[in-house]
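Chains E and B, in that order, are what the protein sequence lines are. Here the first sequence is numbered in the working numbering, starting from 39 and rising by one per residue. Here the second sequence is numbered in the working numbering, starting from 2 and rising by one per residue.
Just to be clear, a hint being listed does not mean it is correct.
Stated by the list, open to error - From the derived model, a few chain E residues whose C-beta atoms are all more than 12 Å from chain B:
| id | residue |
| --- | --- |
| 1 | Asn-135 |
| 2 | Thr-142 |
| 3 | Lys-166 |
| 4 | Ser-198 |
| 5 | Ser-200 |
| 6 | Gly-201 |
| 7 | Gln-228 |
What the hints assert, rightly or not - Derived DEER-like restraints, expressed as beta-carbon distance ranges:
| id | chain 1 | residue 1 | chain 2 | residue 2 | range |
| --- | --- | --- | --- | --- | --- |
| 8 | E | Glu-164 | B | Ser-178 | 52 to 62 Å |
| 9 | B | Val-203 | E | Gly-158 | 55 to 65 Å |
| 10 | B | Thr-75 | E | Glu-144 | 41 to 51 Å |
To be clear, the hints were calculated from the coordinates, so they are not data collected in a lab. Don't be surprised by glycine CBs; every beta carbon is placed ideally from N, CA and C.
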Amino acid sequence: MFNAQQPTEKDLPTSTQLLKSTIIAIIVAIILLVMVILPAEYGTDPTGVGKLLGLKEMGDIKMSLLEESQNELSQENNTSSIDTDSLDKTMVNNTINNDVVEITIEPGKAIEIKLEMKSGSLVQYEWKTIKGGLNYNLHGDGYKGSQKFISYKKGRMVQSDSGELQAEFDGYHGWFWRNREEFSVTVILQTSGDYIQIKQML
Amino acid sequence: MKNLLFFILIHVSLFAHGVATGDQGYIQQINGINFVPFMYLGAKHMVTGYDHILFLVGVIFFLYRLRDIGIYVTLFAIGHSSTLIFGVFADIHINAYIIDAIIGLSVVYKALDNLGAYQQWFGMQPNTKITTLIFGLFHGFGLATKIIEFDMDPNGLLTNLIAFNVGVEIGQLLALSAILILISYWRKQPSFITYSYSTNIVLMILGFMLTGNQLIGYFNS
Chain E
39 MFNAQQPTEK DLPTSTQLLK STIIAIIVAI ILLVMVILPA EYGTDPTGVG
89 KLLGLKEMGD IKMSLLEESQ NELSQENNTS SIDTDSLDKT MVNNTINNDV
139 VEITIEPGKA IEIKLEMKSG SLVQYEWKTI KGGLNYNLHG DGYKGSQKFI
189 SYKKGRMVQS DSGELQAEFD GYHGWFWRNR EEFSVTVILQ TSGDYIQIKQ
239 ML
Chain B
2 MKNLLFFILI HVSLFAHGVA TGDQGYIQQI NGINFVPFMY LGAKHMVTGY
52 DHILFLVGVI FFLYRLRDIG IYVTLFAIGH SSTLIFGVFA DIHINAYIID
102 AIIGLSVVYK ALDNLGAYQQ WFGMQPNTKI TTLIFGLFHG FGLATKIIEF
152 DMDPNGLLTN LIAFNVGVEI GQLLALSAIL ILISYWRKQP SFITYSYSTN
202 IVLMILGFML TGNQLIGYFN S
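Same shape as in the complex, but just chain B:
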């Protein structure tokens, strides 16, 4: 157990003779089709990527029916799957800081949407399904940028990408299930409506924080 903790604490990007360690190191060592390993890496990326999770929390915050949740999550998945595959194959190099800053803003957007800000400010409600799809496209470009950084072998790339994408969806379902269970406990309390305003403010703060952090990274790089 002590060993496990020790390894967790080590920074992932230790380099030795130009060989990366961790996930990236593993990817650079393998060759050809590795379906389950890439599925695992996709799921891991989703579950440990708080930016995607925060956006999902925003999306489902006021969705109570499983059917609605299914529709929105599917739209998000269609969005990020298409840009993930397209981004890697077209080798589109969007600056990782910029795309992650936009992902941060998507969290801000959704929090404001939940608060009804667009109805108050502009007298209209932007179509929530279309915006979920559009932000899905941005999240997919973020995923594609990460994969390009992984430096995957061209041999078996498409199959491995599809595996990664399947993993992303599995990870998303796992994360979503956990979020839904937790938020359902809360929804049964009267405090849900009392604090849903401030919770969306907190979500917005976190979104702005992510954006700011990425912009600082961009100007420092």
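Excised from the complex, chain E in its bound form:
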């Protein structure tokens, strides 16, 4: 009834062979767990092999991303919501703003600078680093409770970028930069256009 034969005795491994294979499998699993999985997932590297293979970096980055996302979530839960009604009144008169911000980012760290903007308003921007590249995500978040999120532009190891930012919705729109260089990177950001205020979020 099957498309196969029953196994014959000579097709199958002996009990001793099987037991040996099982023990080898357990040893291989333990070695991989300690030398590969722990460094790559948790940045824990008791043997130093993970660092040699470049896997500890993976674990370190994962842990720092996780920590940041948890910090951000707890911040969101702690801060009281912005009263959007009162904001609407002040936003009737949007003003043209100009700002130049210079900020230094330590290796492995990230900062975020955002503009509070009304939906549809326009800003010209330009940023460049003095030396080195940055990973960035130009994105926007709605006011608390709105769940709105958009990513306008992303890049890796970029030294400069410029252009026009048009807010998709009311909220905070701006740059998340992370320094993956071995040294500190200084970034200079110029913004000019229709926004309410500029704010460092991180």
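Knowing the structure of chain E, use the given hints to seat chain B on it.
Just chain B now, with coordinates in the frame of chain E:
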């Protein structure tokens, strides 16, 4: 240990300032050639991807000789390697739900094949080597779709893809070794033949479940 468990339980796709966490977060933070890390990610994807594992269980269920296992697994590997590389480079966007639904059906197909259903229904046995190769192609498109979602940096993409693919093969060998050890214990018991019919039915159920789950995802998306 408590911390480890805590981190495992956290859903992988927590987002902060538009930055993904976990594997995807890591991939989006790095730049250039990272051979061993991508090998690791390929192996991890294979070992933790139950759809590929279920298909492999189906393929080797009635293969007793290492030589035969080697031939079939190589055919599967040729299939998925070629569509993995091709799919990413041609940037082929097959809907992830559809391709995963087909992968679910490949498990169903293999379970029915093991049960001799095609001989009973159609009076013929489809070439098992060719079908393994063809389903390998579909599994590769599934892998390619996952990689496109990872949003890898174009810098060093080919080398990183090859590393990922090498990792997929290593992961497949690891998973296969574990499956073979377990199934060999079972094959030595008389219950292997007694329950091999119902086991392939269970395999088929799991395949249909995977397919159904993906189709629900498709119509909800």
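Structure-based check of all given hints:
Even its closest Cβ contact with chain B, about 22 Å, leaves E:Asn-135 beyond 12 Å, as expected for a residue assigned away from the interface. In this structure E:Thr-142 is separated from chain B by more than 12 Å, as the shortest Cβ-Cβ distance comes to about 19 Å. Residue placement check: E:Lys-166 keeps its beta carbon more than 12 Å from all beta carbons of chain B (closest about 18 Å). Remark: the non-interface label on E:Ser-198 is consistent with the geometry, its nearest Cβ contact in chain B lying 16 Å away (cut-off 12 Å).
A cut-off of 12 Å between C-beta atoms confirms that E:Ser-200 is not in contact with chain B; the least separation is 20 Å. Every CB of chain B lies more than 12 Å from the CB of E:Gly-201, the least distance being 17 Å, so the non-interface label holds. Remark: the non-interface label on E:Gln-228 is consistent with the geometry, its nearest Cβ contact in chain B lying 21 Å away (cut-off 12 Å). Against the hinted window of 52 to 62 Å, the Cβ-Cβ separation of E:Glu-164 and B:Ser-178 comes to about 56 Å, which satisfies the hint.
A C-beta distance of roughly 57 Å is found between B:Val-203 and E:Gly-158, which places it inside the suggested range of 55 to 65 Å. Checked against the given bound of 41 to 51 Å, the beta carbons of B:Thr-75 and E:Glu-144, roughly 49 Å apart, stay inside it.
Violated hints: none; the structure is consistent with every hint.
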